[in-house]
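*Asks:* Once you have looked at the hints, place chain W on chain S.
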Amino acid sequence: MDSTKPQSPPQTRPGVSANAGLPSIVPKAAASDATAREAVFTLRDVQVAYGGVPAVENVTFELSKNHITAFIGPSGCGKSTLLRCLNRMNDLIPSASVSGSVCFYDQDLYAPDIDPVQVRKRIGMVFQKPNPFPKSIYENIAFGPRVLGMKGDMDEIVETALRKGALWDEVKDRLKTNAFGMSGGQQQRLCIARTMAVEPDVILMDEPCSALDPISTGAIEELMLELKKNYSIVIVTHNMQQAARVSDMTAFYNVDKLEAGKRVGKLVEFAPTAKIFTAPDDPRTEEYVTGKFG
Amino acid sequence: MSVIPESALTRRVVEQASSGQRTRDLLFRAGLLLCLFITVLFLGVLVIDVAIDGVPLLTPEFITNFPSRLDASRSGVRPALIGTLYLGVLCAAFIVPIGVAAAVYLEEYADANRWWNRVIEVNIQNLASVPSVVYGILGLAFIVRGPVDIWGLGQGSPTLLAGALTLGLLVLPVVIIVSREALRAVPPSIREASLALGATKWQTIWKQVLPGALAGIATGVILALSRAIGETAPLILVGATAFRLSDPTVDGPFSALPIAIFGAAGEPREEFQILAAGTICVLLLVLLLMNSVAIYLRNRFEQKW
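Chains as they are written, first to last, in this note's numbering: chain S, 1 to 294; chain W, 1001 to 1305.
Calculated from the structure, these hints are not laboratory results.
Be careful, since some hints might not be right.
[Unchecked claim] Once the Cα atoms are required to be at most 30 Å apart in a straight line, the calculated BS3-like pairs of lysine-lysine come out as:
#1 S:K65 / S:K135
#2 S:K135 / W:K1207
#3 W:K1304 / S:K172
Okay, chain W solo, but in the shape it has when bound:
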């Protein structure tokens, strides 16, 4: 039995939203969702299409066979895969010390008020967006016909080392930028703590700052490498070839997965189109593996300050 009059219970204190407001809200949300859907849709279609054609090719023989221009069914990716792995390792050996050292200088030593340091900084950002084909020309002119030739390694002919150096130059700015970010994420208080104990700047950087930035640097380097080994244009320019019938050597001619894809896709026969799809699957698997390692490193070793 209620003593409160019913009108008091149903009295509206908060106004209802107008239907127009609600519709606009709904439309906005739908718009956002649509954009996301388009992105995922194209990626999904691409991957599924390639997988349908390519995955049946992924047999042990496909990985271990040499490529064949005559018989697509016996063709494999062996020299291209080995070439790509070599390129990745050599490229890493080149970019890690140079990129990290450059980042340490810019982050820990350079006085940002000096104009030359600002010029360098802006230019590194510009370099990161220079098209890869330009790096290819650079590699051809200054590496294939430059030092590699001078050392007598390739006698002016394309070598895997030249390819690795060219890819290294291409991603070096990215490595520097991500390494700087990782170094900046180490709080200044850690540097102060170390210096206040009487450590030198070198000891502070080497024993506190770099270890603290390691996960970020490693993640960035792997992502940069996965961009490098997916590049085609610079390798075409420094002379990588698609249908190589021997394993690559550091100082000799070579192939790589993107080049093999490019070569196979360039053949008019349909079985070679499928061969390209299979090679794409191999490349995607390599990239997926590298990105997984990057994600693992980030989750496992990232320093929360």
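Chain S on its own, in the form it takes in the complex:
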């Protein structure tokens, strides 16, 4: 991909692979960490297309366990599309098709014998707009464990999930009230807690804070840092400070404008977050993170 772009700013850094020749500013821990950790997702040359028209292509990377990985990039670069193919939510759009290989641990998620419902049990998702069910707080949490037939005391499952969502103290006295009465930030934490209740391995977050105020955003970021001890998290965000604050690894996507007004998203750079924000290999990444476009 380096050969195709115009070399607008003088290239001071050689375009080399993520871990080789790191500038000193990248914490050593993050770099060595990334190689030692088990890969949760391994993507090889993934392309997602809608009705045969590619929306994002050329995506190859490994996402590590217990990491927060941020997807950043301008609108239309396919980062949400890619996120949704990690738990097969794209299956809901009949015209969507995925090629290349998306492996979750060692299993190909798009193998014919894989049931998307089983995939989503292991890989939870939190959406852009808080979307609680129009039911009580308790029922919102209990829905997942019930439909999955999870054994155990439901009250305990609900309490555990709400504690994981850092919501228990705020709502323990009104578990039976409708979730629609909560603030936006609380609703989003409820959605995170609801995802926790089914005990997934991975949580995908699609711009989880874009509808929230800064204080609620802070609460959710804190929560994410707490959760990554036990979960792997992938977050799509438009907020670059957020990516810089919470993530370990960052993937930068960009839009390639093709002939006839067609656009396709491409993965430009995937590296430790500190590197992306301080010493990216690709000039487009630098332009984006410094606010020159997007």
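*Replies:* Then chain W, alone, in the frame of chain S:
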């Protein structure tokens, strides 16, 4: 003591509207009001006229007596009212599962890009506007002389069940259309939330989408039912009769309120015209009651997203 010259205070900055503009505005408003007035006037006159004749008849005996072709003063609506209630209940039992299931298929499963699904969709809308007398013929040919006869229930004679099925067919398209609208009002984000938790499509529809659409579906079903029980033509064709002297049974001959109105109005004697007015009052009360329930359900259970 003013230091500002008076001319500055009265200086016109904003121009006055021309009188022509104002007149046109006024005329437009008056026109709208007139249209509304005509609508309400006709409805009001109709209801008041019927009420003046009919309301004095509304005694307990009128409700519990059997009809009489000989003596209008002893005539009542008992078999017709019971027949109408039976028709409503049976019709609901028929249209709710089938109509809602069809709506769920079209809304949640059908791929709108496939031509056959589009054909079905357009035809359901067409079916909703087919005149009721056509459904009456259909009911006579395929229900009275069809399955109901085959099951040996009515031996080819009119039965209440055949009437209920015919009315059901008549309003089924309406039920499907309103149910689809109610399902569509459930935001896609709710479906995504449920599926992302590992729920199956069936669990998502059954536990999240349908409960969310319930108020809309119930309201639509009740409004469809109130159309069904007000219908006359299909019931005439499937053989309901006005002056029945026994209570209806599901597998036997029956009467219904619209049929009783039609029968009484067909009698030349004036006391029977008043009898028709009284029966209309009963039918209107039943419909009013059903619509009130629909409004209550909508206000009480409607989900704001």
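*Asks:* Take the hints in turn and mark each one as holding or not.
*Replies:* For each hint, the structure was consulted:
Simply put, S:K65 and S:K135 have alpha-carbon atoms about 33 Å apart, too far for the 30 Å limit, and the pair is violated. Under the criterion of a C-alpha separation no larger than 30 Å, the hint pairing S:K135 with W:K1207 is consistent with the structure, at around 11 Å. With a C-alpha separation of about 25 Å, the suggested pairing of W:K1304 with S:K172 holds against the 30 Å cut-off.
Consistency note: the structure conflicts with earlier hint 1 alone.
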